[in-house]
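With chain A fixed as given, assemble chain B onto it according to the hints.
Chains A and B, in that order, are what the protein sequence lines are. Numbering-wise (this note's numbering), the first sequence opens with residue 4 and increments by one. Numbering-wise (this note's numbering), the second sequence opens with residue 7 and increments by one.
Source of the hints: derived by calculation from the structure; they are not laboratory data. Ideal placement from N, C-alpha and C gives every residue a C-beta, glycine not left out. Heads up, some of the hints might be wrong.
[Stated by the list, open to error] Not the full set, but computed from the structure, chain A residues with beta-carbon under 7 Å of chain B:
#1 E129
#2 K172
#3 V179
#4 M203
#5 D207
#6 P223
#7 G240
#8 S285
[Said to hold, decoys possible] Restraint ranges, calculated between C-beta atoms of paired labels, are given here:
#9 B:F87 - A:S117: 50 to 60 Å
#10 A:E120 - B:G14: 51 to 61 Å
#11 A:E129 - B:R292: 27 to 37 Å
#12 A:T94 - B:D337: 48 to 58 Å
#13 B:Y93 - A:R186: 47 to 57 Å
#14 A:Y90 - B:G14: 43 to 53 Å
#15 A:R183 - B:N97: 49 to 59 Å
#16 B:E338 - A:G17: 46 to 56 Å
#17 B:P298 - A:D310: 17 to 27 Å
#18 B:F87 - A:R183: 40 to 50 Å
#19 A:P258 - B:R292: 39 to 49 Å
#20 A:S26 - B:E338: 48 to 58 Å
#21 B:Y93 - A:R282: 31 to 41 Å
#22 A:P258 - B:M108: 56 to 66 Å
[Said to hold, decoys possible] In silico negatives: residues of chain B with every beta carbon more than 12 Å from chain A:
#23 R65
#24 V73
#25 V111
#26 R179
#27 R183
#28 M245
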Amino acid sequence: MSELRLENLRKTFGAIAAVDDLSLRVADGEFVVLLGPTGAGKTTTLRLAAGLENPDAGAVFIGGREVTGLTPAERDVAFVFQQYSLYPHYTVFDNLAFPLRAPGRKWPEERIRSRVEEIAAMLDMEHKLQNRATQLSGGEMQRVSIGRALVRAPNLFLMDEPLSSLDAKLRESMRVELKRIQRDLGATILYVTHDQLEAMTLADRIGILEDGKLVQVGAPREIYENPVSVHAARRLGSPPMNILPPQALGLPDLPPAAAQIGIRPEDVELGGDSGIVARVESLEHLGASMVAGLGFGNERLHVLLDDSQRLRRGQQITFTLNREKIICFDSQGRRIDAPPAA
Amino acid sequence: MAEITVQGLKKYFGDFAAVHDSSFRVHDGEFFVMLGPSGCGKTTTLRMIAGLELPSEGRILLDGEDVTWLRAARRDIAFVFQLFALYPHMNVRRNISFPLRMEHVKRAEIRRRVDEVADLLRIGHLLDKPVGGLSSGDRQRVALGRAIIRRAKAFLFDEPLGALDAEFRDLMREELRQLHDRIGATSVYVTHDQIEAMSMADRICVMERGKVLQVGTPMDIYNRPKTRFVAGFIGSPSMNFLPAGGGLPKGAEEIRVNGARLKMPRLREPLDAPEAEIGIRPEHIRLAQDGPLRGRVFAVEYTGASQLVTVDTPAGRLKVRAGNTQRIDEDETVGLTPDPRRIVVFDPRDERALDSGLFGEDGHE
Numbered sequence: 004m005s006e007l008r009l010e011n012l013r014k015t016f017g018a019i020a021a022v023d024d025l026s027l028r029v030a031d032g033e034f035v036v037l038l039g040p041t042g043a044g045k046t047t048t049l050r051l052a053a054g055l056e057n058p059d060a061g062a063v064f065i066g067g068r069e070v071t072g073l074t075p076a077e078r079d080v081a082f083v084f085q086q087y088s089l090y091p092h093y094t095v096f097d098n099l100a101f102p103l104r105a106p107g108r109k110w111p112e113e114r115i116r117s118r119v120e121e122i123a124a125m126l127d128m129e130h131k132l133q134n135r136a137t138q139l140s141g142g143e144m145q146r147v148s149i150g151r152a153l154v155r156a157p158n159l160f161l162m163d164e165p166l167s168s169l170d171a172k173l174r175e176s177m178r179v180e181l182k183r184i185q186r187d188l189g190a191t192i193l194y195v196t197h198d199q200l201e202a203m204t205l206a207d208r209i210g211i212l213e214d215g216k217l218v219q220v221g222a223p224r225e226i227y228e229n230p231v232s233v234h235a236a237r238r239l240g241s242p243p244m245n246i247l248p249p250q251a252l253g254l255p256d257l258p259p260a261a262a263q264i265g266i267r268p269e270d271v272e273l274g275g276d277s278g279i280v281a282r283v284e285s286l287e288h289l290g291a292s293m294v295a296g297l298g299f300g301n302e303r304l305h306v307l308l309d310d311s312q313r314l315r316r317g318q319q320i321t322f323t324l325n326r327e328k329i330i331c332f333d334s335q336g337r338r339i340d341a342p343p344a345a
Numbered sequence: 007m008a009e010i011t012v013q014g015l016k017k018y019f020g021d022f023a024a025v026h027d028s029s030f031r032v033h034d035g036e037f038f039v040m041l042g043p044s045g046c047g048k049t050t051t052l053r054m055i056a057g058l059e060l061p062s063e064g065r066i067l068l069d070g071e072d073v074t075w076l077r078a079a080r081r082d083i084a085f086v087f088q089l090f091a092l093y094p095h096m097n098v099r100r101n102i103s104f105p106l107r108m109e110h111v112k113r114a115e116i117r118r119r120v121d122e123v124a125d126l127l128r129i130g131h132l133l134d135k136p137v138g139g140l141s142s143g144d145r146q147r148v149a150l151g152r153a154i155i156r157r158a159k160a161f162l163f164d165e166p167l168g169a170l171d172a173e174f175r176d177l178m179r180e181e182l183r184q185l186h187d188r189i190g191a192t193s194v195y196v197t198h199d200q201i202e203a204m205s206m207a208d209r210i211c212v213m214e215r216g217k218v219l220q221v222g223t224p225m226d227i228y229n230r231p232k233t234r235f236v237a238g239f240i241g242s243p244s245m246n247f248l249p250a251g252g253g254l255p256k257g258a259e260e261i262r263v264n265g266a267r268l269k270m271p272r273l274r275e276p277l278d279a280p281e282a283e284i285g286i287r288p289e290h291i292r293l294a295q296d297g298p299l300r301g302r303v304f305a306v307e308y309t310g311a312s313q314l315v316t317v318d319t320p321a322g323r324l325k326v327r328a329g330n331t332q333r334i335d336e337d338e339t340v341g342l343t344p345d346p347r348r349i350v351v352f353d354p355r356d357e358r359a360l361d362s363g364l365f366g367e368d369g370h371e
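Chain A extracted, bound-state conformation (with noise of 0.2 Å):
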């Protein structure tokens, strides 16, 4: 068992709350990404699971133990950060060797070259592994540092955004390949990114942090489909969800309290007689689809189309929302419950 409790946990530095009583619990097994921006406190929360930081009040939970003041090694974490740290004059084989030869362990060179190879195996990396580090790609070397990560099997994996170091292709590919490890390894992960299209791609849960605070914390599409509030709502999905207030859209039937509603821009449809009457501003191709800007009064929303829809810049057309699709919220952005009437 390697579940991950944090309960109450706060960290300031100087005046500033970096982490405000957080709880979140990661399961045994499950894979759970937090989403902020820089500075919401993605990183020291992190660091306070790992040990590598000491809360000011709270605790910290592994597999059931108290660790709150435990060393890092004393945890059993193992730690991947955005910049892998390879021994560059080590091969692989040495690289992903190093942390069971730990003098404490004391396992007989035999069991390691088992281990090693195996997991190099589940990292496709078994042909490489008399390379040194200095010759591998990207690509490669962050595969070495999650699999330095593995070897040891620790209770508990915390990632800090490991793949924004490599290029759009191969992150991609990584992405697939590390939620597969996972699954197959039944690893435990706490993982940090600011990124919302890999968080929304590799976690169970997503936990979205604003100013130290989570404010959310729930599968990729229970929050995508229904965001507490404007900010959770625009961390996810791109572009963004449109916020808008209702008297710009003439919209029946609202509940009193809403102040501005939310829709995605999948959710908009071009075209209708009794649509709202706006101006192409901007056209972007994005292959597979387009996303059109289009101006109605002072107000802009964005639209997600299909690569079919001939449009110009500038020119005249009309829009309609899908009704079940929107999202009303107060004036302070939170999410107002009833949804509208049908």
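Leaving out everything else, chain B in the frame of chain A:
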């Protein structure tokens, strides 16, 4: 008003050919993006257009006038470097007016032009503020204002958004393009980011290893790539490539892939090589039990508006973009149907796309 013509441009640094015989034309008022990986020669080409670098061979025409050997300052072209460089001790107005003050333009004229630019960038309310306290978006707008106040015939941009974080880059991308539409000047924009190129450009010029591979509209390049490199470089996730049977006559409408026969656009030239390769984009493959290709689902990634499904087939690993409501499980066996109108066939010897019905009536030229 400016049309830029590049004819047979070459640039050598010692033995290294940074730019190889490049020719293209940038139309008046166009937003033209030069796209390629680092080292492909795009920045060198841009610097030659600006006059910051002299070509080894070839000509550059600005509105028909040969400017190949003209000094940068005399070309009436504005080069926009990293947008963030502002003078910290000057307020917004003085930052924007700086290039005009250097040219000793009259004060009344400077004031009028600064107001006009500020209006265009919607930063009129910031003119008397120090630049220190501005948000990063406003700083970027001020830097842009300083670049456009000279009213050059053309603006050249070298990866201006490269240093920004993702969220802000999306916003500035749209603003820059709208600014271009309002000013109407010719813009040449260099980037290695294919999403930036696709979303901003009227036309894209794809370069690799000093050569121009293709010039076309974003949709044209995306749907009708002329080489395997272009096909693979544009699009995220990337186009899928699968080995296929060669030896195809002109007029062929079917191709063999891993034992299956796939329909494809009619070939307008034969392929005598024994092997071929097909390319098909993730959104042009349908998951269907009766599909001609079969494979096992390796991963399903939910991305909000859609799902990305990675499927291992005997012919190789494929990515499929599916709707966000379809239920797909890992390790499930699925059938795959590529859209026959969307298949690109490549000659593996030179990685060129074969001419076919995909390229429309006029074909490949």
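Here is how each hint holds up against the structure:
A hinted interface residue such as E129 (chain A) counts as satisfied when its beta carbon comes closer than 7 Å to some beta carbon of chain B; here the least separation is about 18 Å, so the hint is violated. Look at K172 (chain A): its Cβ gets to within about 6 Å of chain B, closer than 7 Å, so that hint holds up. For V179 (chain A), the interface hint holds, since its Cβ comes within 7 Å of a Cβ in chain B; the closest pair sits about 4 Å apart. Among the interface hints, the one on M203 (chain A) holds; its C-beta lies about 6 Å from the nearest C-beta in chain B, closer than the 7 Å criterion.
The criterion of a C-beta within 7 Å of any C-beta in chain B is not met by D207 (chain A), whose closest approach is roughly 11 Å, and the hint is violated. The beta carbon of P223 (chain A) comes within 5 Å of a beta carbon in chain B, closer than 7 Å, and the hint placing it at the interface holds. Using the Cβ-Cβ criterion of 7 Å, the hint placing G240 (chain A) at the interface with chain B is satisfied: the shortest such distance is roughly 5 Å. Contact between S285 (chain A) and chain B, as hinted, is supported at the beta carbon level, the nearest pair being about 5 Å apart and thus within 7 Å.
Taking 50 to 60 Å as the suggested C-beta distance range, the pair F87 (chain B) and S117 (chain A) conforms, at roughly 55 Å. Under the hint 51 to 61 Å, the C-beta atoms of E120 (chain A) and G14 (chain B), about 56 Å apart, fit the expected range. About 36 Å separates the C-beta atoms of E129 (chain A) and R292 (chain B), a value consistent with the hinted range of 27 to 37 Å. Separation of T94 (chain A) from D337 (chain B) is about 34 Å and departs from the stated range, judged on CB atoms against 48 to 58 Å.
In this structure the supplied range 47 to 57 Å holds for Y93 (chain B) paired with R186 (chain A), their Cβ-Cβ distance being about 54 Å. At about 50 Å, the CB distance of Y90 (chain A) to G14 (chain B) agrees with the hint of 43 to 53 Å. Taken as a hint, the range 49 to 59 Å holds for the pair R183 (chain A) and N97 (chain B), whose Cβ atoms sit roughly 55 Å apart. Roughly 53 Å separates the CB atoms of E338 (chain B) and G17 (chain A), a value that falls within the hinted 46 to 56 Å.
For P298 (chain B) paired with D310 (chain A), a C-beta distance near 24 Å keeps the hint of 17 to 27 Å intact. In this structure the supplied range 40 to 50 Å holds for F87 (chain B) paired with R183 (chain A), their Cβ-Cβ distance being about 43 Å. For P258 (chain A) paired with R292 (chain B), a C-beta distance near 40 Å keeps the hint of 39 to 49 Å intact. The given range of 48 to 58 Å is broken by S26 (chain A) and E338 (chain B), whose C-beta atoms sit roughly 36 Å from each other.
For the pair Y93 (chain B) and R282 (chain A), the supplied restraint of 31 to 41 Å holds, since their beta-carbon distance comes to about 37 Å. Distance hint for P258 (chain A) and M108 (chain B): a CB-CB separation of about 58 Å, consistent with the stated range 56 to 66 Å. Annotated as non-interface, R65 (chain B) keeps its C-beta farther than 12 Å from every C-beta of chain A; the closest such distance is 32 Å. With a minimum CB-CB distance of about 30 Å to chain A, V73 (chain B) clears the 12 Å threshold, and the non-interface call stands.
The claim that V111 (chain B) is not at the interface with chain A holds, since no C-beta of that chain comes within 12 Å of its own (minimum 32 Å). A cut-off of 12 Å between C-beta atoms contradicts the statement that R179 (chain B) is not in contact with chain A; the least separation is 7 Å. Its beta-carbon lying about 6 Å from the closest one in chain A, R183 (chain B) breaks the requirement of being farther than 12 Å from that chain. Not every CB of chain A is more than 12 Å from the CB of M245 (chain B) (nearest about 10 Å), against its label as outside the interface.
Hint check: violations occur at hints 1, 5, 12, 20, 26, 27 and 28; the rest are consistent with the structure.
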